[in-house]
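**Q** Residues per chain are reported as follows:
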Amino acid sequence: MRIAVIEDEPRLADNIAAALREGSGYAVDVARDGAEGLYLAQTNSYDAVVLDLMLPKLSGREVLRKMRAGGAKTPVLILTARDEKELIVGLLNDGADDYLTKPFDLRELRARLQSLIRRSQGHAVAKLAIGDLEMDTARAIVRRGGVTLTLVPMEYRLLEYLMHRPGKVISKTKLLEHLYDFHWEKFSNVIEVYIAGLRKKIDAGSSVKLIHTVRGHGYCVREEEPE
Amino acid sequence: MIQISIRRRLLVGVAVVQIIAATLSTVLVVRHERRQSYMVLDASLSEHAALLKSAIEPPDESNSGLSLHRELLILQRGERYVLRDANGRVVAASSNWMGDVPLPDAPRSFIDLRIEDRPYRALVLHDMALLNVEPDEVKNLPRLTLIYAVRTRGAEEHIKHVALIAAATCVGLLLASLLATSWVVSVGLQPIVQIVERATRIDASNWEQEDRVEGAEAKELAPISAALTHMVGRLRASFERERRFAADAAHEMKTAVAIVKSTLQLTLDREREAAEYRQGMERALDDTERLQRLVGDMLHLAKIEGLSNDVASSDGLDAEVVSVAEEVVRRLAPLLTARQIRVIVQQQGEAATARMAPEELRVVLTNLLENAIYASGDGVGDGASEIRVTAATEGKECVISVADTGCGISAEALPHVFERFFRGDPSRSRESGGNGLGLSIVMAMVERAGASITVSSEPGVGSVFVVRLPIVQQRPVDMLPG
Numbered sequence: 025m026r027i028a029v030i031e032d033e034p035r036l037a038d039n040i041a042a043a044l045r046e047g048s049g050y051a052v053d054v055a056r057d058g059a060e061g062l063y064l065a066q067t068n069s070y071d072a073v074v075l076d077l078m079l080p081k082l083s084g085r086e087v088l089r090k091m092r093a094g095g096a097k098t099p100v101l102i103l104t105a106r107d108e109k110e111l112i113v114g115l116l117n118d119g120a121d122d123y124l125t126k127p128f129d130l131r132e133l134r135a136r137l138q139s140l141i142r143r144s145q146g147h148a149v150a151k152l153a154i155g156d157l158e159m160d161t162a163r164a165i166v167r168r169g170g171v172t173l174t175l176v177p178m179e180y181r182l183l184e185y186l187m188h189r190p191g192k193v194i195s196k197t198k199l200l201e202h203l204y205d206f207h208w209e210k211f212s213n214v215i216e217v218y219i220a221g222l223r224k225k226i227d228a229g230s231s232v233k234l235i236h237t238v239r240g241h242g243y244c245v246r247e248e249e250p251e
Numbered sequence: 315m316i317q318i319s320i321r322r323r324l325l326v327g328v329a330v331v332q333i334i335a336a337t338l339s340t341v342l343v344v345r346h347e348r349r350q351s352y353m354v355l356d357a358s359l360s361e362h363a364a365l366l367k368s369a370i371e372p373p374d375e376s377n378s379g380l381s382l383h384r385e386l387l388i389l390q391r392g393e394r395y396v397l398r399d400a401n402g403r404v405v406a407a408s409s410n411w412m413g414d415v416p417l418p419d420a421p422r423s424f425i426d427l428r429i430e431d432r433p434y435r436a437l438v439l440h441d442m443a444l445l446n447v448e449p450d451e452v453k454n455l456p457r458l459t460l461i462y463a464v465r466t467r468g469a470e471e472h473i474k475h476v477a478l479i480a481a482a483t484c485v486g487l488l489l490a491s492l493l494a495t496s497w498v499v500s501v502g503l504q505p506i507v508q509i510v511e512r513a514t515r516i517d518a519s520n521w522e523q524e525d526r527v528e529g530a531e532a533k534e535l536a537p538i539s540a541a542l543t544h545m546v547g548r549l550r551a552s553f554e555r556e557r558r559f560a561a562d563a564a565h566e567m568k569t570a571v572a573i574v575k576s577t578l579q580l581t582l583d584r585e586r587e588a589a590e591y592r593q594g595m596e597r598a599l600d601d602t603e604r605l606q607r608l609v610g611d612m613l614h615l616a617k618i619e620g621l622s623n624d625v626a627s628s629d630g631l632d633a634e635v636v637s638v639a640e641e642v643v644r645r646l647a648p649l650l651t652a653r654q655i656r657v658i659v660q661q662q663g664e665a666a667t668a669r670m671a672p673e674e675l676r677v678v679l680t681n682l683l684e685n686a687i688y689a690s691g692d693g694v695g696d697g698a699s700e701i702r703v704t705a706a707t708e709g710k711e712c713v714i715s716v717a718d719t720g721c722g723i724s725a726e727a728l729p730h731v732f733e734r735f736f737r738g739d740p741s742r743s744r745e746s747g748g749n750g751l752g753l754s755i756v757m758a759m760v761e762r763a764g765a766s767i768t769v770s771s772e773p774g775v776g777s778v779f780v781v782r783l784p785i786v787q788q789r790p791v792d793m794l795p796g
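So the protein lines, in turn, are chains A and B.
Residue numbers for the first sequence follow this note's numbering, beginning at 25 and rising by one.
Residue numbers for the second sequence follow this note's numbering, beginning at 315 and rising by one.
It is worth saying that the hints were derived from the structure and are not from the lab.
Model, not experiment: these values are computed from the prediction.
Just to be clear, a hint being listed does not mean it is correct.
Claimed, not checked - With a straight-line cut-off of 30 Å between C-alpha atoms, the simulated DSSO-like cross-links for lysine-lysine are:
#1 LYS90/A to LYS568/B
#2 LYS575/B to LYS109/A
#3 LYS196/A to LYS151/A
Claimed, not checked - A short list of chain B residues far from chain A (calculated; beta carbon distances all over 10 Å):
#4 ASN401
#5 THR459
#6 ALA540
#7 ARG555
#8 VAL571
#9 ARG607
#10 PHE732
Claimed, not checked - A few chain A residues that face chain B, going by a derived Cβ cut-off under 8 Å, partial list only:
#11 GLU33
#12 ARG35
#13 ASN39
#14 ILE40
#15 ALA42
#16 ALA43
#17 GLU46
#18 MET78
#19 LEU101
#20 ALA105
#21 LEU111
#22 ASP122
#23 PHE128
Glycine included, each C-beta is placed from N, C-alpha and C at the ideal position.
Required output: the full structure, derived from the provided sequences and hints.
**A** Rendered as structure tokens:
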């Protein structure tokens, strides 16, 4: 998952970014003002945006409106010091998906972001399942046939992204885009490495293969073989 | 404060005027009536006297005396007369005539008498000529004096009656006019009542809607309604300012708290090495210090803005500008050294002493210098950054200028640099610890001291802040003789 954090307070932005990277295993880009934030949101494909309201150059609300006017469906979580009902209602009507008032709890921020991302993929609960492969995104646990698997963070993030989109073929570029911060070009061969790792841990002892490679297109998680 | 009632004042005023007018007119009416009545009375006296005269039989050859045809006289009640000859001897008199009265010398006159303690009006005729007698027809014709008196009671009663009617009419009119005045005043005060009603409707919650306090249609009340509208406008503006400040302050505080909280949470998020915990704690302490500075600056600003000018002048000692500036530079020395910024403090002309408490001047100069340091960037390595503090006396002013060779302020930002929580370059000043209140504090202090501050800047070249403080006048002690 790749998240944009648009927050002008450097210390707060750094803390949020660190919490999302360390705790949720997300890739995080940080923008320090509204204009930069809007540029990021318009040029990259994010799984969610964390947006502060009081921003220099372009207010958070303007960023939100311009994003929505451009047709972006990315979930947006607003950070605000104010919690007047009119403001909140206005923001939600402008296309915000959720909000948190400062000072907020980092765990709550992570939980809300996770819920927003899950919802945006059409899932209602934190538990994802394909065949006998289960993933609890809230506790970061993966099981196959009741046996808990031990994944490295990058494998987990890769699997999470694929399991959020069951049956869909995801390109390598898209995976790189969503799993890494800037300058992901230099990691261009890592996806194959992690896919191989996942195959070994998930499909090795099983007759039903779940992780598939669609040559020339990308990767996909599903029970039956793709045509 | 004693409240006055416009209505009561008007009513009392009208009543006093009316009472005076009523009294005057009653007096005039009574006097006029009295004159009229007495003219009538006198005319009737003359007639009676003529009648009496006609009843006198002049003496002829047969008898030498006068005789009176009493049967021709019909005396009314309260009428009396007497005829005397030149020697004062009574020739003839009414039966009820009594006593003697002092007489005027004029040949014909009307006098007021009291007979038997009752008021009378009398006609006195001396040397009365007799009717039907040619003067030379009868020799040694006796010279007669006639006094004819009539009681004035009837006339006086008439006058009293008229006076009563006049007074009653006046009292009636007075009451009627007071009622009318009261009504007119009520109607006249209606526009004021309307203004009051509209002004009453205005409160903090709805004054966005009540844009104007209109004084109905009364021309005279236009200044009042204009003043009220103006006042509401100014109050609204200042409320709006306060509200924005409160919102900004809340945002800054909550953000500062959010930083502390997030730093601590991040540190506790997972098991870490001792060194990592230490690092987290240090970061949290750093964040807490920023929060502390923000709270301190906000309270400081609120305190300065809450104080009146009187307080400022009463605790105002005089500050030796250059020595205060040197002290501030000494305090900031570690920061200046770390950033390799050179500070030059200069005195132009004689020593400038500003009319400002040294503690306040210290804060002003500290904030201006800190601002200049932040503007100069970290500047490590180039050593070219320089801040120049100059103090000079110009006329009755002490001019302090703080010039830096930093990044400068853009033309769009320049008018806002003294606004609370304004930051020229947000990310840079946040990182350097500025909270956007330093220059607001400077502005508030300078204004309170009756001084002024201006700023000029060129992006990339540097900024100059100029404070103009009143200088200390000659001390009164110096002017005392001996």
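**Q** Evaluate each hint against the coordinates.
**A** Comparing the hints with the structure gives:
no., hint, verdict
1, LYS90/A to LYS568/B, "holds, 27 Å"
2, LYS575/B to LYS109/A, "holds, 25 Å"
3, LYS196/A to LYS151/A, "holds, 25 Å"
4, ASN401, "holds, 123 Å"
5, THR459, "holds, 114 Å"
6, ALA540, "holds, 33 Å"
7, ARG555, "holds, 17 Å"
8, VAL571, "violated, 4 Å"
9, ARG607, "holds, 14 Å"
10, PHE732, "holds, 18 Å"
11, GLU33, "holds, 5 Å"
12, ARG35, "holds, 5 Å"
13, ASN39, "holds, 4 Å"
14, ILE40, "holds, 7 Å"
15, ALA42, "holds, 6 Å"
16, ALA43, "holds, 5 Å"
17, GLU46, "holds, 6 Å"
18, MET78, "holds, 6 Å"
19, LEU101, "violated, 14 Å"
20, ALA105, "holds, 4 Å"
21, LEU111, "violated, 10 Å"
22, ASP122, "violated, 17 Å"
23, PHE128, "holds, 6 Å"
The earlier numbered hints that this structure contradicts are 8, 19, 21, 22.
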